[in-house]
Amino acid sequence: MKSNNQTQPGFARRWLLYAGMLLLVVIMVLPFAWMLSTSLKAQEYILQTPPELIPNPVTLESYTGLAERIDLGRTFFNSMFVAVVGTIGQIIVAAMAAFAFARMQWRGRNTVFLLYLVTMMIPSVVLVIPQFILVRSLGWINSYMALIVPPLFSAFGTFLLRQSFLGLPKDFEEAAFVDGANYFTIFWRIILPLSQPALATLAVFSFMGLWNAYLWPLFVARRDVVMTLPVALATLQASPRALTEWNMVMAGAVVTVLPILLIYMLAQRWFVSGIISGGIKG
Amino acid sequence: MPGLKGWQKWKWIIFFLAPSLIGLLVFIVYPIISSFWLAFQEWNLLTPPEFVGLANFQELLNDQDFWRALGYTLNFIVLYVPAVFILGLFLALFLNQKLRGMVAVRTATFLPVVASWVVVSLIWKWIFNPSYGLVNYGLEVIGIDGPAWLFEPQTAMIGMVITSIWKDVGYIALLYIGGLQSISETFYEAARIDGANRWRQLRHITLPLLTPTMFFVAITLLINYFQIFDQVWLMPMRDSAADRQLEVIVTEVVKNAFSYNRMGYASAMSWVLFVLIFIITFVQLRLQNRWVYYEVE
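For the protein sequence lines, the chains are E and Z, in the order given. 1 is the number of the first residue of the first sequence in our numbering; add one for each residue after it. 1001 is the number of the first residue of the second sequence in our numbering; add one for each residue after it.
Hints in this document: simulated from the structure, not taken from any laboratory. Certain hints may be false.
As the list claims (entries may be wrong) - Computed list of lysine to any residue pairs in SDA-like fashion (alpha-carbon distance at most 20 Å, straight line): (1) K1005(Z) to A181(E); (2) K1011(Z) to F184(E); (3) K1255(Z) to R136(E); (4) K1098(Z) to L23(E); (5) K1255(Z) to L218(E); (6) K1255(Z) to K1011(Z); (7) K1255(Z) to Q1058(Z); (8) K1005(Z) to G65(E); (9) K1011(Z) to S124(E); (10) K1098(Z) to Q268(E); (11) K1005(Z) to T64(E); (12) K1098(Z) to K1011(Z); (13) K1255(Z) to R1244(Z); (14) K170(E) to R189(E); (15) K170(E) to G180(E); (16) K1255(Z) to F1036(Z); (17) K1009(Z) to V178(E); (18) K1098(Z) to V272(E); (19) K1098(Z) to I1205(Z); (20) K1009(Z) to T185(E); (21) K1009(Z) to R109(E); (22) K1005(Z) to W106(E); (23) K1255(Z) to I1279(Z); (24) K1098(Z) to A19(E); (25) K1255(Z) to F1278(Z); (26) K1255(Z) to L1060(Z); (27) K1255(Z) to L72(E); (28) K1255(Z) to A1055(Z); (29) K1255(Z) to M96(E); (30) K170(E) to K1005(Z); (31) K1011(Z) to M96(E); (32) K1255(Z) to A234(E).
Stated by the list, open to error - Some chain Z residues close to chain E (C-beta under 7 Å, calculated; not the full set): (33) W1012; (34) P1019; (35) I1123; (36) W1126; (37) Y1137; (38) G1138; (39) G1146; (40) T1155.
Remember, predicted model here, so these are calculated numbers, not experimental data. Yeah, the Cβ is synthetic: ideal placement off N, Cα and C, and Gly gets one too.
Only chain Z is shown next, with the shape it has when bound in the complex (with noise of 0.2 Å):
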């Protein structure tokens, strides 16, 4: 490239760089720094940090509320995941046909991808409502009495899976027609003139062709769903059995943190969550090439 040379360009690097690379440093490197120093500290913001070694992790080995936060987590994930995953293709496959009105739907699906979780979860706490709720009379109308929802952990769990479900089957849809619209019309024009049915169609060109969306899809849902936090922490009513009982990691992390000011412990905790999030990623890309596949260019 032709123009400046040496320090001249250097300054120009430098003018460009630098706010974002000094905001990363201090803003987020510095962070995740101290925060794995932290794990190692017993620390209550009020008195100076005292190293403890292991202890930290040691104390999470035995802790009865940690092992249940992880044990709701991945019933959480067990609950939700597959369910998206299937439902967001399925939904996919739906809003890409040309139709007349379709934009309209299109518009209308993604409607509580734009909302908050603060939103939603008030909206679907209020429709979750045992006495008062829709959900509980479209039950009765139908002759069955419906449970407490978001008073008993395993119910309120249905209901948030529900709710997620309704929040970000359009987000993930919508990842899943990028895959779709990228998929050359060649390979159906090809197939229509071997005389390939619409399912043949489906199952030999589409899906396929689909599959690095679908790994994409399956990282994401696993990366964001092992740090659920924001229905967990709102929907479950306040003071029930669910919201006493029903915590996951990430809410447990913030209970140690800001209510019992053990930010030591909370960080631990923290880096536990992150290294099960590395190893499932990892094992997920070793797994790719068993069903993944990738066009050769």
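Bound-form chain E, shown alone (with noise of 0.2 Å):
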């Protein structure tokens, strides 16, 4: 009897825990969906109190305003370009020194990857000023490489893939070196199909830190051209005396979030294990 009531969550305690998760999805939802809400009324009804969650009459103004404002298509783009290429670059830079680190065997292997761990643990604001420094003499400033480049070769990726390379058994490589194999072969054939679920976790990752990036790009892509969605949403706020067009500013936060929630319900596996599998490196 007792040990029943304890593996069963009794009537009461149940109706608590759905009220909870009620709650919970209310609190965490419920400023999306003010976001998409303003995004979709005129700028009178934006004002009015007491606040409406849904738009009467709804309209798509604030869309073609911001589309006015801001060239959005190019935004996109520029978004998308830097975010898709970066992430396929940082897989790439990673998974090779990855396999270098963990595949191969070397003199001097665990000197190197100790260098690797250091920079991991330098705060990223000692960096942009060097940086930006250094992205300036290139001739870097307002271009894609700006944007591309210095990301490519955080350490974060190596370290992650190189724990589930070590995890590969080794009679697959010896078995194709009999055959003939070199290394490529292996790291291309053998290595990387193995490792999916992990690259899949650094490409989320990547794609979600170069979508979302503001700080680095504010300083080095400022011209039109090359400006990214955050950096152009966070200049639509009007000057001091001005009135700022929210219903503007929530279709701007709509248009630049919806890529990236998308992929998140999509792709939420490997969101949840590479933020699983980082914790563990601490």
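Using the hints, put the two standalone chains together into the complex.
Here it is as structure tokens:
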């Protein structure tokens, strides 16, 4: 009797849990719903009290207004281009290095890997100024190079993939060597296909980092031709005395957040495993 | 390992390692070194850098703005870190229950984690709008006259702490869930046989075995929040008292570097921040054996 009572949640407890679930969903989703709702209202309706969650009438005028204010197609393309190319690049660079660290024996390996670990501990603010100066002297300011190249080399990706590569059995390579394969074939045909979950995890993290980046693009890509969505979005807030057109700002927020939310829904598994494996590294 | 020896093998090692290693040296190691060098220079990007020894650090000691920024940073940490540390734990225990619909609730909880700080800042700026925002409307309904939120430093800080908790609590909970799921079910079975109730199981199994995760969470939170930037840069209303006064260390660094073109001084400040983070992480590492419980293998 007693043990039954403990394994099966009681009636009251169950309802309490469902109430908690509902409350949690409301707290987490309401701000997004409010963003969407505001973006679908005309300017004169967003200032009404009491605020209404369901827009009446629904209008897309804030989206057309937004498209007049910023080059929406261009900024969207910039964000997507930087995130996609940067993600592919990060994966290639990290996977190759991780292969050298996890699947090859060489003198000095642990020392070099320690260097990678140390760079992960430096706060990004220490890097921002000298990286800016470096990128400026390379003539990369206001170019895609500045947005894509420096982030390629974070040691985090190498670290993440090395963990996964280490877990694969040694026999694969030995059999492949006997069959006359070289290191590249082993890397490309054996290690990478067997590490798809880890690669997917890194892909989700790289994409999210590049898509959401603000501080770095703010200083290296101010001009419209290479400006990304977060930077363009932040410029929409009105100058001191003018009234911010919140419906337009919220339309910009919808456009910025929607792709990453969709990717999250599709790639949830990798996202979750990424955070958890990232958590183990401590 | 069979296969190549000597130079033949090194050629392959260089092939695989070179892109990453060269990039790391150029874009991370060299900047770290040059940042250190910069900390002892006076440089406005236009005229050549001039060596000034420790002058930047001396100036920092007397810089009221820096001390105020440090104060606000600590203030932020004191308000935010314990709150999200505990709320994240409760949330993880809650989300880890096996109940129908929990997957959807988890998905919703992690939405803010995925959204960028720019988007989150702007949404909450609108929610905290004193005249038309949801927060003050809610307060009005229960008969409270809401404050001006993002216009005044202290209320702006509270608003930003609330926003930060909303944004990060899912991430912290996910870290805890990882820890919870690594606890073996056999501990709970044994406890149940001994007649331990839910509370005793939490107190004597879950919490002790979760301390390594808690330790990681505490370290991560402090490292990240000493570097708080995005929300402080974006949320206070422009030209309000909050915008003029509420600076944290990183916004102070960014202002010195990119508004006043004081590259050397800003670098010195960023190194002071690094040393602060380093000391705090080191102290945490030293204190860990007082409370972190590792399973004996």
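Outcome of the hint check:
1. Between K1005(Z) and A181(E), the direct Cα distance comes to roughly 15 Å. Compliance with the 20 Å bound is thereby established for this hinted pair.
2. Among the hinted pairs, K1011(Z) with F184(E) is consistent with the structure: their alpha-carbon atoms are about 12 Å apart, no more than 20 Å.
3. About 18 Å separates the Cα atoms of K1255(Z) and R136(E), which keeps this hinted pair within 20 Å; it holds.
4. The hinted pair formed by K1098(Z) and L23(E) meets the criterion: a straight-line CA distance of about 18 Å does not exceed 20 Å.
5. Between K1255(Z) and L218(E) the CA atoms are separated by roughly 13 Å; this keeps the pair inside 20 Å, and the hint holds.
6. Only pairs whose Cα atoms come within 20 Å are accepted, and K1255(Z) paired with K1011(Z) is rejected, the gap being roughly 46 Å.
7. At roughly 19 Å between alpha-carbon atoms, K1255(Z) and Q1058(Z) fall within 20 Å of each other, so this suggested pair holds.
8. A hinted pair counts as satisfied when its Cα atoms are at most 20 Å apart, and K1005(Z) with G65(E) does not qualify at roughly 65 Å.
9. Proposed proximity of K1011(Z) and S124(E) is contradicted: the alpha carbons are some 33 Å apart, above 20 Å.
10. For the hint pairing K1098(Z) with Q268(E), the CA-to-CA distance comes to about 18 Å; that is within 20 Å, so the pair holds.
11. Among the hinted pairs, K1005(Z) with T64(E) is inconsistent with the structure: their alpha-carbon atoms are about 64 Å apart, more than 20 Å.
12. Between K1098(Z) and K1011(Z) the CA atoms are separated by roughly 53 Å; this puts the pair beyond 20 Å, and the hint is violated.
13. Straight-line distance between C-alpha atoms of K1255(Z) and R1244(Z) comes to about 12 Å, which keeps the hinted pair within the 20 Å bound.
14. About 15 Å separates the Cα atoms of K170(E) and R189(E), which keeps this hinted pair within 20 Å; it holds.
15. Of the supplied pair hints, the one linking K170(E) and G180(E) holds, its CA atoms being roughly 16 Å apart against a limit of 20 Å.
16. Using a Cα cut-off of 20 Å, the hinted pair K1255(Z) and F1036(Z) holds, with the two alpha carbons roughly 19 Å apart.
17. Between the alpha carbons of K1009(Z) and V178(E) the distance comes to roughly 16 Å, so the proposed pair stays at or under 20 Å and holds.
18. Taking the CA atoms of K1098(Z) and V272(E), the gap is near 17 Å; set against the 20 Å cutoff, the hint holds.
19. With a CA separation close to 19 Å, the supplied pair K1098(Z) and I1205(Z) stays within the 20 Å bound.
20. Only pairs whose Cα atoms come within 20 Å are accepted, and K1009(Z) paired with T185(E) is accepted, the gap being roughly 14 Å.
21. Our distance criterion of 20 Å between C-alpha atoms is met by K1009(Z) and R109(E), whose separation comes to about 14 Å.
22. Restraint check for K1005(Z) and W106(E): the C-alpha separation of about 10 Å stays at or below 20 Å, so the hint holds.
23. The suggested pairing of K1255(Z) with I1279(Z) is violated, with an alpha-carbon distance near 25 Å, which exceeds 20 Å.
24. The straight-line distance between the Cα atoms of K1098(Z) and A19(E) is roughly 15 Å, inside the 20 Å bound, and the hint therefore holds.
25. Restraint check for K1255(Z) and F1278(Z): the C-alpha separation of about 23 Å exceeds 20 Å, so the hint is violated.
26. Taking the CA atoms of K1255(Z) and L1060(Z), the gap is about 14 Å. The hint holds against a cut of 20 Å.
27. Proposed proximity of K1255(Z) and L72(E) is contradicted: the alpha carbons are some 29 Å apart, above 20 Å.
28. A C-alpha spacing of about 19 Å is found between K1255(Z) and A1055(Z), which places the hinted pair at or below 20 Å, so the restraint holds.
29. Our distance criterion of 20 Å between C-alpha atoms is broken by K1255(Z) and M96(E), whose separation comes to about 38 Å.
30. Proposed proximity of K170(E) and K1005(Z) is supported: the alpha carbons are some 18 Å apart, at most 20 Å.
31. For the hint linking K1011(Z) to M96(E), the alpha-carbon distance of about 13 Å falls within 20 Å, and the restraint holds.
32. Taking the CA atoms of K1255(Z) and A234(E), the gap is near 17 Å; set against the 20 Å cutoff, the hint holds.
33. Because the beta carbon of W1012(Z) sits about 4 Å from the nearest beta carbon in chain E, less than 7 Å, this interface hint is met.
34. For P1019(Z), the interface hint holds, the least distance from its beta-carbon to any beta-carbon of chain E being 5 Å, beneath 7 Å.
35. Annotation: I1123(Z) was flagged as interfacial toward chain E, and the flag holds, the nearest CB pair being 5 Å apart, inside 7 Å.
36. For W1126(Z), the interface hint holds, since its Cβ comes within 7 Å of a Cβ in chain E; the closest pair sits about 5 Å apart.
37. Look at Y1137(Z): its Cβ gets to within about 6 Å of chain E, closer than 7 Å, so that hint holds up.
38. Interface hint status for G1138(Z): violated, as the beta-carbon distance to the closest one in chain E is roughly 10 Å, over 7 Å.
39. Hint status for G1146(Z): violated, given a least beta-carbon distance of 12 Å to chain E, over 7 Å.
40. Residue-level restraint check for T1155(Z) is violated (minimum Cβ-Cβ distance to chain E is 19 Å; threshold 7 Å).
Hint violations for this structure: numbers 6, 8, 9, 11, 12, 23, 25, 27, 29, 38, 39, 40, all remaining hints satisfied.
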